[in-house]
Amino acid sequence: MLPRVFTVAARHEETADTFTLELLAEDAADLAFAPGQFNMLYAFGRGESAISISGDAAEPQRLVHTIRAVGTVTRALAELAPGAQLGVRGPYGTAWPLAAARGRDVVFVAGGIGLAPLRPAILEVLAARRDYGRVVLLYGARTPGDVLYAAEIARWRARGDIEIHVTVDAAGSDWRGNVGVVTQLVRRAGFDAAHALAMLCGPEIMMRYTVVELGRAGMSPNDVHVSLERNMKCAIAFCGHCQYGPEFICRDGPVFPYDRVARWFDAREL
Amino acid sequence: MSEDASAAPRYLERADFDRLLEALAARGYTVIGPRVEGGAIVYDELSTSAELPIGWGDEQEGGHYRLRRRGDAALFGYNLGPSAWKRHLHAPRVKLLEAARDADGRLRFERVPAPQPRRAFLGVRACELAAIGVQDRVLVDGAHVDPHYAARRESLFLVAVNCGQAAATCFCTSMETGPRVQGGHDLALTELLDASRHGFLVEAGSDAGAALLEALPTRAADAADIAAAGAAVANAAAGQVRQMAQAGIRDALYDRLEHPRWDEVASRCLSCANCTMVCPTCFCTTVEDVTDLSGEHAERWRRWDSCFTLDFTHLHGGPARTSAKSRYRQWLTHKLAGWHDQFGESGCVGCGRCITWCPVGIDITEEVAALRALPDPSANGAS
Numbered sequence: 640m641l642p643r644v645f646t647v648a649a650r651h652e653e654t655a656d657t658f659t660l661e662l663l664a665e666d667a668a669d670l671a672f673a674p675g676q677f678n679m680l681y682a683f684g685r686g687e688s689a690i691s692i693s694g695d696a697a698e699p700q701r702l703v704h705t706i707r708a709v710g711t712v713t714r715a716l717a718e719l720a721p722g723a724q725l726g727v728r729g730p731y732g733t734a735w736p737l738a739a740a741r742g743r744d745v746v747f748v749a750g751g752i753g754l755a756p757l758r759p760a761i762l763e764v765l766a767a768r769r770d771y772g773r774v775v776l777l778y779g780a781r782t783p784g785d786v787l788y789a790a791e792i793a794r795w796r797a798r799g800d801i802e803i804h805v806t807v808d809a810a811g812s813d814w815r816g817n818v819g820v821v822t823q824l825v826r827r828a829g830f831d832a833a834h835a836l837a838m839l840c841g842p843e844i845m846m847r848y849t850v851v852e853l854g855r856a857g858m859s860p861n862d863v864h865v866s867l868e869r870n871m872k873c874a875i876a877f878c879g880h881c882q883y884g885p886e887f888i889c890r891d892g893p894v895f896p897y898d899r900v901a902r903w904f905d906a907r908e909l
Numbered sequence: 102m103s104e105d106a107s108a109a110p111r112y113l114e115r116a117d118f119d120r121l122l123e124a125l126a127a128r129g130y131t132v133i134g135p136r137v138e139g140g141a142i143v144y145d146e147l148s149t150s151a152e153l154p155i156g157w158g159d160e161q162e163g164g165h166y167r168l169r170r171r172g173d174a175a176l177f178g179y180n181l182g183p184s185a186w187k188r189h190l191h192a193p194r195v196k197l198l199e200a201a202r203d204a205d206g207r208l209r210f211e212r213v214p215a216p217q218p219r220r221a222f223l224g225v226r227a228c229e230l231a232a233i234g235v236q237d238r239v240l241v242d243g244a245h246v247d248p249h250y251a252a253r254r255e256s257l258f259l260v261a262v263n264c265g266q267a268a269a270t271c272f273c274t275s276m277e278t279g280p281r282v283q284g285g286h287d288l289a290l291t292e293l294l295d296a297s298r299h300g301f302l303v304e305a306g307s308d309a310g311a312a313l314l315e316a317l318p319t320r321a322a323d324a325a326d327i328a329a330a331g332a333a334v335a336n337a338a339a340g341q342v343r344q345m346a347q348a349g350i351r352d353a354l355y356d357r358l359e360h361p362r363w364d365e366v367a368s369r370c371l372s373c374a375n376c377t378m379v380c381p382t383c384f385c386t387t388v389e390d391v392t393d394l395s396g397e398h399a400e401r402w403r404r405w406d407s408c409f410t411l412d413f414t415h416l417h418g419g420p421a422r423t424s425a426k427s428r429y430r431q432w433l434t435h436k437l438a439g440w441h442d443q444f445g446e447s448g449c450v451g452c453g454r455c456i457t458w459c460p461v462g463i464d465i466t467e468e469v470a471a472l473r474a475l476p477d478p479s480a481n482g483a484s
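Residue numbers (our numbering), protein chains in the order written: chain A, 640 to 909; chain B, 102 to 484.
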């Protein structure tokens, strides 16, 4: 439960309320992780918050977290400038099923800041691109200004070996992209539903309807993986806060095969 | 332990009961046991048997608890008070770490060592022994070990007591946790009190218990002692008026997530969290971070929390469980269904504390029966 001390090496503004911290361990040891896992970040005197790791798993010496400033702890983290220190515990939780995805088409579906926990998986797939079939990224944000990693998405697009569709809920007349919910993009994407694996991260309502759309496209629920989020205090299945049906999201998730949690997905206020 | 220890119950006279306390003290144990405080039985430090609730019994019902004079000098003639042993093992407040930040903004963390008290619990009922086992599964038997609980648990000496009577709120027979102590104890006592005698049948449950028993002035228990002890426990079993059928309960609750009974119970539930505080197995905690006035020192404390609070599921965008219905449903389904998936057993031991200490008398056995009486109208293929 004792955090390690990390120092902010760089800070990037992503959107109006979202920023990325690059962190280096004071003890210089790597923080090895698998894409999909999260850390508990501690802001001095304010508390801890569970934040997914957004960096490249091939570079475990540099820890990267993309954070939305929405609460006491994340607002305190937002105030950290290069040189400032924070506490880090982790990594915790389950990973995206990248080994199982090898040789298959891969469909990433992200909503809002849900792209941040998917980024390490996308980086790993792109780094070993030949090991996978067709690769698709479907991404929905509230407005064009809320699109995360916009420059990086442009670079991914330029590679020509990943099909990317971005949509926003609302936009001005200068937006020439899609407007609407991300689920509408599923039918446009080119993938073989019988041999594909999908990884979803976003609001629960978005994931629920995406599962429906993927099913319509012919995908089996056990080929769909979702990343869930709940309040977490301990990250080691002691505090009880993150329970979702019988699952401790911190330990049994955050990444679940959809069929494992399908039973709970339709229950409200679970 | 050796079979010999369990095969040879002993008889200890009431007049010699303090030898037990002295033997524990001589072995370095601080004895914690039942006392009367504020009109209730609580577990606190004891040095002599005179401090036990001599002659007190209790009267319990939904939302009702009173101590009553029994008219005899029984040491263990009551059932359960509001406070479980949990308070002494999974402490209500624990300091987890200290952090310091210097003028340059550099951080340093210090682990707070877990105290390792050497303690004996005296008067642990069968249901409570089962509850300690349930918390062991949660806090020390998993992939992670809670060092604070483990340190308190490790050196513990457990003197259990077989119940000779049941409260109206007891249902340990349904949960198969009592009234006879089933294991995990060092010594088990059965109080034998009638016109001709006052003493205890004493059985060892561990080698440590057997060794301590040898040091006490006992005699071999005879057939009459053993029969009287059996009758006492049978009386506690026969006196249980509440039941909670366990067969199929996990799926029955999972199939009733939208059952109208949740709305009905929510109309009575105050979301006060009493049930979770008195429950001997509820383990949820939260953390509090504090800084001193200089802003250079911070502490992180863990304290008991309850799934009945709105804050419990707070996430950006608000709590996941806004309604009282969803919070009561979480507590009940976790306790009686999810626990089976998580830890391979029920999270309920049938102690009945949640019934007694609910200010509006909500009865878990009654709620489960009402839920199971009708299928969930919105569920497909509900069992």
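There's no promise every hint is true.
[As the list claims (entries may be wrong)] A few chain A residues facing chain B, derived, Cβ under 7 angstroms:
1) L641
2) V644
3) A648
4) E652
5) R685
6) G686
7) A708
8) V709
9) T711
10) Q724
11) W814
12) L867
13) K872
14) I875
15) P885
16) F904
[Claimed, not checked] Pairwise CB distance ranges, derived in the manner of DEER restraints:
17) B/A215 with A/D669: 47 to 53 angstroms
18) B/G445 with A/A833: 33 to 39 angstroms
19) B/H398 with A/R714: 56 to 62 angstroms
20) B/L475 with A/D831: 55 to 61 angstroms
21) B/Q344 with A/D669: 35 to 41 angstroms
22) B/R219 with A/A767: 53 to 59 angstroms
23) A/D770 with B/E389: 22 to 28 angstroms
24) A/A833 with B/G396: 58 to 64 angstroms
25) A/R741 with B/E277: 56 to 62 angstroms
26) B/S372 with A/D831: 33 to 39 angstroms
[What the hints assert, rightly or not] Derived, one-sided and incomplete: chain B residues facing chain A with beta-carbon distance under 10 angstroms:
27) R209
28) S297
29) H299
30) D390
Hints are computed from structural coordinates only; laboratory data are not their basis. This one's a predicted model, so the numbers in the text were calculated from it and none came from an experiment. We put the beta carbon where it would ideally sit given N, CA and C, even for glycine.
To see whether the hints hold, each was checked on the structure:
{"no.": "1", "hint": "L641", "verdict": "holds, 5 angstroms"}
{"no.": "2", "hint": "V644", "verdict": "holds, 5 angstroms"}
{"no.": "3", "hint": "A648", "verdict": "violated, 14 angstroms"}
{"no.": "4", "hint": "E652", "verdict": "violated, 19 angstroms"}
{"no.": "5", "hint": "R685", "verdict": "holds, 6 angstroms"}
{"no.": "6", "hint": "G686", "verdict": "holds, 4 angstroms"}
{"no.": "7", "hint": "A708", "verdict": "violated, 10 angstroms"}
{"no.": "8", "hint": "V709", "verdict": "holds, 4 angstroms"}
{"no.": "9", "hint": "T711", "verdict": "violated, 9 angstroms"}
{"no.": "10", "hint": "Q724", "verdict": "holds, 4 angstroms"}
{"no.": "11", "hint": "W814", "verdict": "violated, 25 angstroms"}
{"no.": "12", "hint": "L867", "verdict": "violated, 11 angstroms"}
{"no.": "13", "hint": "K872", "verdict": "holds, 5 angstroms"}
{"no.": "14", "hint": "I875", "verdict": "holds, 4 angstroms"}
{"no.": "15", "hint": "P885", "verdict": "holds, 4 angstroms"}
{"no.": "16", "hint": "F904", "verdict": "violated, 12 angstroms"}
{"no.": "17", "hint": "B/A215 with A/D669: 47 to 53 angstroms", "verdict": "violated, 29 angstroms"}
{"no.": "18", "hint": "B/G445 with A/A833: 33 to 39 angstroms", "verdict": "holds, 37 angstroms"}
{"no.": "19", "hint": "B/H398 with A/R714: 56 to 62 angstroms", "verdict": "violated, 21 angstroms"}
{"no.": "20", "hint": "B/L475 with A/D831: 55 to 61 angstroms", "verdict": "violated, 46 angstroms"}
{"no.": "21", "hint": "B/Q344 with A/D669: 35 to 41 angstroms", "verdict": "violated, 56 angstroms"}
{"no.": "22", "hint": "B/R219 with A/A767: 53 to 59 angstroms", "verdict": "holds, 56 angstroms"}
{"no.": "23", "hint": "A/D770 with B/E389: 22 to 28 angstroms", "verdict": "violated, 47 angstroms"}
{"no.": "24", "hint": "A/A833 with B/G396: 58 to 64 angstroms", "verdict": "holds, 59 angstroms"}
{"no.": "25", "hint": "A/R741 with B/E277: 56 to 62 angstroms", "verdict": "violated, 48 angstroms"}
{"no.": "26", "hint": "B/S372 with A/D831: 33 to 39 angstroms", "verdict": "violated, 50 angstroms"}
{"no.": "27", "hint": "R209", "verdict": "holds, 7 angstroms"}
{"no.": "28", "hint": "S297", "verdict": "violated, 51 angstroms"}
{"no.": "29", "hint": "H299", "verdict": "violated, 44 angstroms"}
{"no.": "30", "hint": "D390", "verdict": "holds, 4 angstroms"}
Going through the hint list in order, the structure does not satisfy hints 3, 4, 7, 9, 11, 12, 16, 17, 19, 20, 21, 23, 25, 26, 28 and 29.
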